[in-house]
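Since chain A is already given, all that's left is putting chain B on it; use the hints.
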Amino acid sequence: MSSLRRAKPAAAQSTDAGPDTPPSLTPAELAAQRRKRRTGTLIATPGALYLLIFFVVPLGLITVYSFATRTSTGRTSLSGWNLNSYERIADDVILGIIARSAWLAFLTTVLCLLVAYPFAYYLATRPARLRARLLVLVMIPFWTNGLVRIFAIRFLLGSNGPASALSEAMGFGTFRILFTPTAVVLGMVYGFLTFMVLPLYVALERMDWRLVEAARDLYASGAKAFWRVTVPLTRSGIVAGCVLVFVPSFGSYVVPEILGGAKTLLIGSYVARQFQAARNWPLGAALSVLVIVAMLVAVAINQRNSANAERTQGVTR
Amino acid sequence: MSNLGTAGAKRSATHLLKANAWFVFAFLYVPIVVLVVFSFNDSERVNVWQGLSARWYGEALGNTQVISALRVSLIVAISSTIVSTVLGTAVALALDRYRFKGRRALDGTVYLPIVIPDITMAVMLLVFFAEAFKLIDTFGPRLTLGVTTVALSHIAFNISFVAVVVRARLDQFDRTLEEAARDLYATPWRTFRRVTLPLIAPGIAAGALLALTLSLDDVVISAFTAGPGATTLPVYVFSTIRQGVTPELNAISTLMLAASITLVVASLALQRPRSTTP
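Here the protein sequences come in this chain order: A and B.
Going by the numbering used here, the letters in the first sequence line up with residues 1 to 317, in that order.
Going by the numbering used here, the letters in the second sequence line up with residues 318 to 595, in that order.
Hint data in this document are derived by calculation from the structure and do not stem from the laboratory.
You may find that some hints are simply not true.
Computed spacing ranges between beta-carbons, pair by pair [what the hints assert, rightly or not]:
hint	chain 1	residue 1	chain 2	residue 2	range
1	B	497	A	33	16 to 24 Å
2	B	460	A	73	50 to 58 Å
3	B	353	A	74	37 to 45 Å
4	A	106	B	346	20 to 28 Å
5	A	128	B	422	38 to 46 Å
6	B	511	A	261	56 to 64 Å
These stretches of chain A come out as covered by chain B in the derived footprint (C-beta under 8 Å, 3 or more residues) [stated by the list, open to error]:
hint	stretch
7	56-63
8	157-163
9	172-184
10	203-214
11	250-258
12	267-275
13	286-298
From the three backbone atoms N, C-alpha and C, an ideal C-beta is built for every residue, glycine too.
Isolated chain A, as found in the complex:
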C-alpha cells in the first residue's frame, strides 16, 4: 500500500506526457502512432482481462447479490430484486456493529496519528544515511506476515502470557486486556501503524524546510511555526495516512477474530458470518457493498487531497 502513493505521480506524469496529436503528422508518423497504440492494447489486455474477470465481475456480482433474496434454506435466489438486505442494515444490532467498527477504527486512526507524526518527523530530520537505515527497520515489520504479528500480540497479552507474568512479578498483579476492545485497538495500531508512518514521512521529507526557517525568522515561536507551517504543508500526508489506517481498520477481520471477544463483534467478522454459519449471503453482500462504498469515498478524498497538495507545492517551489 505504501507503493500506492509512490506510483501516483507516475500516473499523473504519463497522462500528461502522452502523445497529443499535433496538427500536422506525416502518414509514416501516423502509422507509427497507430502501431504503438496497438502494442499498448496488446500488452495490457491479458492483465486487464484477468482483473475484469476476477475483480470487476466479482464486484458486480456482490452488488447484485445485495439485492437478492435469501430463501428459507439459506440459499440465494436472484429472481426478484429487492432492498430487504439494505433495510435490515437499519436494524439496531447491525447499526451497533457498524458504529462500533467505525468508532474503533477512528480510535485506531487517532492513536496512529499521535504516535506516527512525531516518529515520522524524527525520521525525516535524521541525516540521509541513518534515515535510509531506519526506514528499512520500519518497512520490515510492515511487509512481514500480518497474521503472525497479531498472533505475537495475542501470545504477549494472554492471561498467562509474558506481559502478564512481568506485571505480576513487578507487583502490579495480572491484567486482562485480551478479548476486550482495548486489545483490538492495540492490535490494529500494531498492524496498521506503518500505513500512517510512510505517507507522513514522505510528506515531511519533501517539505520545503526553508518555509519553517522563514517563519522562525519572522519571530514565530517553534510551536507556532509547527502548527501554522509544518502541519498545513504535510496535510496530504496526514489525510493519506488517516485513509490508509481507517479503511483496513474498519474492514478488519483477522485482528478482532484473534484479539477480540464476544463484545467486539466488528463488521468484518459479521460479514464473514453471513457467508459461513448464518448463510445469509444477500445481507453479507449488502454489508460488503457498504464497506466498498466507504473505501471508495476514502480513496476519492485522498486522491483529491493529494492532487491539491501537488498543486500548492508547485506554487511554493
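This is chain B only, laid out in the frame that chain A set:
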C-alpha cells in the same frame, strides 16, 4: 537569556522525539522477539520458561497437517507469483508507456485490489466462484473450490502489487537509453529485450518477491476460496489459534516469520533506487 530558553526547549523536544522513536521501534519489534524467544521454550505450557530447546520445531515439522498445509501454500504461492509477475509487469509497462482504449479505466481499477479490505475481496471471490461453478455445471463438469481457486484469487490481488512496484521502477527509468538504442536501428523488440528489460529487472524481481510474500501471508482470501484439502499454512494457523496458543504454534509462526522477513529484506534491497545509468 531567551536564546538559552529556546535552545533548552529545542533540546527537550529532540529528546522527546527520540524517546518516541525508541518507543515505536520497541512497539514494532518486542512482540516479534518475544514470540521467537518463546518458540525455543522447552516447556509444555507456553507461559513457563523451562530452558532452551528446538523440541517444538521437531513436533511442528512432524505434524502431517502442517506439512500438507505448507505444500498447498507453496504450490499456491509459486504458481500465483509466476502468473501475476508476468501479467502485472505487462500492465505496468502498458500504463507507463502506451496510450490505448480503456487506459484510464485500467489505471483506476488496478489499485483497488490493494486498498479493498481482505474480507470484502474474499466474499466477492466466493460469490464469483459460486456463480461461475453454477454456470459451468450446466455444461457438464462439476467443479468445486480447491487449490486452483485459491491460486486464481491470489493472482487477482498480486497483479496489482506487482504492477505498482514495477511502475515505480519504470518511473525512475532513463528514457534516453531506449531512444539511443532506437537511433542505432534496434527493433522495438530488441530494444525491449536488451535495454528496457535489464533495467527494470530489479523492479520485476522485487515485485515477484512481494507477490510471493503476500501469497504466503494471506489468510482471509485463502480461507474463503479454499475447499476441503486446500488449507494453506496461514489458514491452518488461524483456525488453530482460536483454540488457544500452543508452543507448536509458536514454532510454526517463527518459521513463517523467518521466511517472510527473508523475502521482504530481499525485496527491499532490490527496490533500492539506484542510478539507471550503468
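Okay, the hints, checked on the actual structure:
1. 497/B <-> 33/A: 16 to 24 Å: 21 Å, holds
2. 460/B <-> 73/A: 50 to 58 Å: 22 Å, violated
3. 353/B <-> 74/A: 37 to 45 Å: Taking Cβ atoms as reference, residue 353/B and residue 74/A lie about 44 Å apart, which means the hint holds.
4. 106/A <-> 346/B: 20 to 28 Å: Holds, since residue 106/A and residue 346/B (Cβ atoms, about 27 Å apart) stay within the stated range.
5. 128/A <-> 422/B: 38 to 46 Å: 40 Å, holds
6. 511/B <-> 261/A: 56 to 64 Å: 60 Å, holds
7. 56-63: holds (count 6)
8. 157-163: Answer holds; 4 residues pass the 8 Å Cβ test.
9. 172-184: violated (count 0)
10. 203-214: violated (count 0)
11. 250-258: That given contact holds, which follows from 7 residues of the stretch 250-258 of chain A lying within Cβ reach (below 8 Å) of chain B.
12. 267-275: holds (count 4)
13. 286-298: That given contact holds, which follows from 4 residues of the stretch 286-298 of chain A lying within Cβ reach (below 8 Å) of chain B.
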